[in-house]
Every structure is written in C-alpha cells, then in structure tokens.
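Residue-level listing of the chains:
2 protein chains.
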Amino acid sequence: MTTPDRGPTGIVMMNLGGPRTLDDVNPFLRALFADREIIQLPLQNWLGPFIADRRTKKIQQHYGEIGGGSPILDWTECQGRGMVERLDRLSPATAPHRFYVAFRYIEPTSETALQAMAADGVTRAVAFTQYPQFSCSTTGSSLNELWRAARRVNLHERFTWSVIDRWPTHPGFVDAMTETVRQGLAKFDDDAQDDVVIVFSAHSLPLDVIDRGDAYPAEIGATVHEVMQRLDYRHEYLISYQSDVGPVRWLGPSTEKVLKELGAKKRQRVLVVGVAFTSDHIETLHELDIEYGEVAHAAGIAHFHRAPALNDLPAFQDALADLVATHLAAGEACTANYGLRCPGCVNPQCRNVLKPVASFRRTAVTPSPKNKLYPTR
Amino acid sequence: MTTPDRGPTGIVMMNLGGPRTLDDVNPFLRALFADREIIQLPLQNWLGPFIADRRTKKIQQHYGEIGGGSPILDWTECQGRGMVERLDRLSPATAPHRFYVAFRYIEPTSETALQAMAADGVTRAVAFTQYPQFSCSTTGSSLNELWRAARRVNLHERFTWSVIDRWPTHPGFVDAMTETVRQGLAKFDDDAQDDVVIVFSAHSLPLDVIDRGDAYPAEIGATVHEVMQRLDYRHEYLISYQSDVGPVRWLGPSTEKVLKELGAKKRQRVLVVGVAFTSDHIETLHELDIEYGEVAHAAGIAHFHRAPALNDLPAFQDALADLVATHLAAGEACTANYGLRCPGCVNPQCRNVLKPVASFRRTAVTPSPKNKLYPTR
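Residue numbers (my numbering), protein chains in the order written: chain V, 821 to 1197; chain U, 821 to 1197.
Take these hints with a grain of salt, some might be off.
For identical chains, the list gives no copy identity; a pair is met inside one copy or between any two copies.
As the list claims (entries may be wrong) - With a Cα cut of at most 35 Å, we get these calculated DSBU-like pairs of lysine-lysine:
id: 1; residue 1: Lys1192; residue 2: Lys1007
id: 2; residue 1: Lys1175; residue 2: Lys878
id: 3; residue 1: Lys1192; residue 2: Lys878
id: 4; residue 1: Lys1175; residue 2: Lys877
id: 5; residue 1: Lys1175; residue 2: Lys1086
id: 6; residue 1: Lys1077; residue 2: Lys878
id: 7; residue 1: Lys878; residue 2: Lys1086
id: 8; residue 1: Lys1192; residue 2: Lys1077
id: 9; residue 1: Lys1190; residue 2: Lys1086
id: 10; residue 1: Lys1086; residue 2: Lys1007
id: 11; residue 1: Lys1175; residue 2: Lys1077
id: 12; residue 1: Lys878; residue 2: Lys1007
id: 13; residue 1: Lys1190; residue 2: Lys1175
Just so you know, the hints here were simulated from the structure itself, not pulled from any lab data.
Assemble the whole structure, with the sequences as input and the hints as a guide.
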C-alpha cells in the first residue's frame, strides 16, 4: 500500500525519557536542568550542571533500587510496535506506519528520531505526545525542542507535520486506564473493596505555571472523572500531586501529605494510581512504590497498593492506534486548543507546528523582555 | 399517590443566596463574614462585622447597578417549580414532591426551610446542593449549617435525610450547560466562530483550601471537558477563576488577568461562561458583565459576551428532576465521595448526614487543637 513518493507515515512518540543505565543519570539530569522552558535559573549554564552533579548520586541510588535504569524506552517501544501493527490494519491508506521514539533529555532524542525518519523516506509525520494531559512543561517543551532539533539537523523542510497534543478524555485511553484501576482494586480483599480510597497521583507543577494558564490540572480532573464514571463513582477517590521540589510553591494537595493525612484519619486501604504516565518509570517504581510506600506504612495504612501502569496492556495499544487513525483521517494540524497560547505565555516558540499539514490558528505572543529568556536553537 | 404517614418528599435546594434589596446587603455580608467554615479571622465576632460594614456601601452600589438586588431567589423558585412538576411524573412513588429553598446567609435560611417542611408534614427529605461541583466552602458549609439549624429548631429527629452533594458530570446538567454555551456562541458572527475563545470562569478558592484536598478544581475541569466533548472540542477554551479577595494566595489563573492577557495577545472575541453557578447573581451580572466587560474592552477585546446562565432553561429543570429521581431510586445516603473527608480536614462537623436514609462511610477526623475553631451550634 506504500505510495513510493511519500514513504511510510512516521509517528514520533514524545516523552521525557529516563536514564537506561546508572551512567546515563548525570547527562540526563544535566539536560533536564538546562531546559529553560521548564527551569529558569540565574547563571543557568553554571548553576544547572552544578545542581545536576550534586543530585546525581542520590538519583543513581534510586535507579539502583529499581533495577539499575528506567524501563521507559522498552515500554515505549513495546507500545509503538503494538500501535503501528494495529494502525496498518486500521488505516491502510496511510500505511505503512513506523514509530520513532523522541525523548526530551536522553537518547533517542528528537535529532535521532528525525534522522531515522529521513533515512526511512518518511515525508508525512505525526508528533504524538505520550503525555495524555497537556502541559507546557511536558508536551509543550518536547514539541518546541522537536522543531528546534529539525532546524539543527537541517530537516525542517523535509516533513509535513501534524500534532496529537492531548488526549485526556479519549475513550480508549480512559478504558485502558480504568482497566488498570480495576486490576489495582483486585489487589484488595473482596470484602474490603468499599474501604479502599483511590488516590490519583499526577506530577505537580509550580503555581506560576498554573497561574500562566496551563491546562494540566483541568485535564487531569477530566481523565479522573471519566475513569470514575466508568466505575460508577462507587469508590472514594481524590487527586493529589507528587514530586514537587525546590523553594517555589507547587500545586497541591501533595501526594505525600495526603497519604500521611489519610493514615492519621485511620484509613487502612489506599490504591494509588499514576494518572499522567503511560508506563513505569522512576516516579512510579521508586517514588510511589518505595518512598510513598514507606510513608503510607509509617502512617498506618496497612494495605497500600499501586495500580499497574499501562505498560504492555493491549487495550492501551488499541487506544494509541485509534488516536492516530482518527487524527490522520481528520486531516487536522492539531487540536483547536493547541494554538491557544497560555494567557500568560511569553515564549515565542510555543504552539508551533512546523510545515503543518493543514492551517491552524496560533495566538500571538505578548511582547515582553522575558521573551529572550527562551532558547532559539 | 401520597402515603399519609410520610407526607410529601421535601427537596431542600441549598445555595449561597443573595440580598434581595439594598437593605439586605449588610446583614448578608455580616452572615458571610461570620461563617468560620469559610473565613477564619482573629477576633471574628468583632472583625467580621467591621469588614462587612466597611464593604456594605460598595456592594450596595454593585447591586444598585444590577437592578437593586439579587435575582437568585426568583430563579431558584422557578427552577424548583419546574423540578417538582417533572418529579411528580418521573417518580410517582415518592410524590408529591415539594421544594424548599435554603440559603446560607439570607432568608429563606435553613431554619425557615426546615420549619416549612415540618408544617407540610414532610418526613423524607433530600438536601440538594445547587452547586454542581463540590467544595467544602460552598456545599460543605451549607450542609453543616443545615444540620446545625435542625438542632437549633429542634427538628433533628423529624426527617430522614439523604444528600445530593455533587453533580459535575450529570449528563442532563452538561447538556443544559452546553446549550447555554451554544447560545453564547450565537452572539458572535457566523464567520467569526473560529475566532472565539471560550473562558470558563468559576469562583476561586484560597490555595489553603486546595492544599487541604478540596475536590472543586478537578470537578470544574470535569464539567468543562464534558461540555467541550459535546462541542467536539472545536473551539479554543480555558478555565480561569474569579472573585479572589484579601491577602492570601488563591487558585489561578485569575479571570481578570486572563482577559487582560488575551487582549494583549490581540484576541478580539471572548465568550465567558459561568460554569459553577446555576443562575444569575452578582458574580455574573456585575463582576462578569460589568467589571470584566470593562476590563475586556480596555484590553482591546472588541467582542465580549457572556453565555446566559441556566436560569429558566427547561433542559436544566429536566436535569434537576432527573438528578433527584435517580437519587431517590438508588436509595443512597450520599455519593461515596461525600463521606471521604478532605485529607487535611479538621472540622468534626464535616461530611455528616443527619438521620441518613441508608448507612454511609464517614472518614474520621484528625484530632487537632484546630478542631475547636469550628462552630458547634
């Protein structure tokens, strides 16, 4: 079914990534602390590496405790294989489909993905965020980096692009997420089901990002309610935010504090669900399972379990394929909301689509001296 | 169909309320600033009236500009009439149904409602919040006051209660809200529809309430996504929060700031939607229409409209009736989540149901010296 002059359809699966080995930890952290779209430090070129180096040993220890590295690449490749296999059946007109992993702070990077696509003869490309809920700190930063990388490797004219920028309420995704919650609930005794509090935990954001108008917390709320609707709202549940660090105020309530407080209120059974991640990585395997597991135990929560991540769940691969097939059939450049900059945004790069397959509206940026803080290459 | 020994089914429609005349403004503000469940001031018995008195003139002026008083009682009675009329048809087994308005800070108060119910021979009662999304600051405070009022008027043994404590994703409510958004969109030219940014605005909350674990922002997000799904996500939209006052930090982004920023980004068309209110009152008629209308105009937003409130929309009365009928048929005391106290809650009164129609789980309160801050009568 391939049309020779356009090559395969390339699906770029974008995510944060994680160090595969302990030696990868330091370069990963250095890349993270160099990302001015997420972290703006005074003297960043000097202070970023300094903080990264100082944290390396502790983070290496965490990765050591979960087997020596992040499984995120393996899971993403597994999901990608399942997705393109299904896509070739679902959407023969755009077959064959190939997937390319693009991590933000570690190999395979955007540059690697773009070069592989060029080598494969791809001309039609879909930038597919693997973060279900949109935030400028995750999907936004990854997309901006993709377009910069395309210029760096001189491939900015090569591909016609569209973007799948968010999918918090996609029915297939919600079905798959609900399946993991049911698997998590099954870890508790049948006669104790009514006693389980479901804690949906998502990565937190600094409040300055929220005040700028980031869509993330509302999209987290939307996903959770879709899941709870499928469970007939039969369980008690709440949403909390994990992984806040540093001196600024972050969006709450904090997952760690919530677990302590539930324990103080004599709740014995908690199921924690990572609602903003599509596979296991350090925030599930270490932070939720080990660190918060200890917090829960110390607080008196006798039964603390985590719902499995989506990982190799076939229903999730169905969802990924359906998302891409529907997107390709619609012929859109992106969602209507992608072009709507956060009201407080001053980053001129945000909300771009390089060589878009269809026109889209992109809100202008507010002129401000802060604009020059953002990277241009 | 009436069973003489149980009388009519009483539906208590609970809301904040608003002053009907300019003379009501001062007592309304005094009651608001005396509510320790929402506002905790040092020397509250003295400082509360002081602040209320100081603000009275300005708030009277606002009410003067919208016709001399709040229409919230008229709208609530209109909605109540439509609801019970439909309920008598939908649920003959529990007919007749009567509605009773219970406002938090103004007549008709909970005491008035309870005494009217007793006079009518009601024995089965439903406390039905008119806030679609749950917050301890709104529904929570109203329910706690209802149970206290029942004790004050010695009617705490009279009624068997159940509670409709939230309905952010009820399909009928979302349908009605979507209808108002469509009516709002129709105020813009047909060929300018793609240019409209929908700003869903909800009353803000202090961040301390959010950090305690209040469900409100997630439920706002859930409602908005249900509405946007029905509009096929075809429009740009965002959520913002209005009405923050005082020195503490509130949940953002602020509606006022968002409007200024959208104007600075050259957006010409904004539709604002009050997503957490079920009828017009001071926050829609004055804050959104007049104050923010001026802000929008000054910021260069040439076309600024508000979606009509639900007010007398028949689809909303259908929704209210369906909510109650479904609730009565289920025989539940409340949602599973009502009994789950906010993790940071120290108020022993929270999450109660007086003489519940069915058993429900109520999470224990954390012992704390702060517990005694809350009113007991």
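Outcome of the hint check:
no. : hint                 : verdict
1   : Lys1192 with Lys1007 : neither (51 Å within a copy, 39 Å between copies)
2   : Lys1175 with Lys878  : neither (42 Å within a copy, 54 Å between copies)
3   : Lys1192 with Lys878  : within (34 Å within a copy, 43 Å between copies)
4   : Lys1175 with Lys877  : neither (42 Å within a copy, 58 Å between copies)
5   : Lys1175 with Lys1086 : between (56 Å within a copy, 24 Å between copies)
6   : Lys1077 with Lys878  : within (22 Å within a copy, 41 Å between copies)
7   : Lys878 with Lys1086  : within (33 Å within a copy, 47 Å between copies)
8   : Lys1192 with Lys1077 : between (38 Å within a copy, 22 Å between copies)
9   : Lys1190 with Lys1086 : between (49 Å within a copy, 18 Å between copies)
10  : Lys1086 with Lys1007 : within (20 Å within a copy, 53 Å between copies)
11  : Lys1175 with Lys1077 : between (46 Å within a copy, 33 Å between copies)
12  : Lys878 with Lys1007  : within (31 Å within a copy, 58 Å between copies)
13  : Lys1190 with Lys1175 : within (27 Å within a copy, 59 Å between copies)
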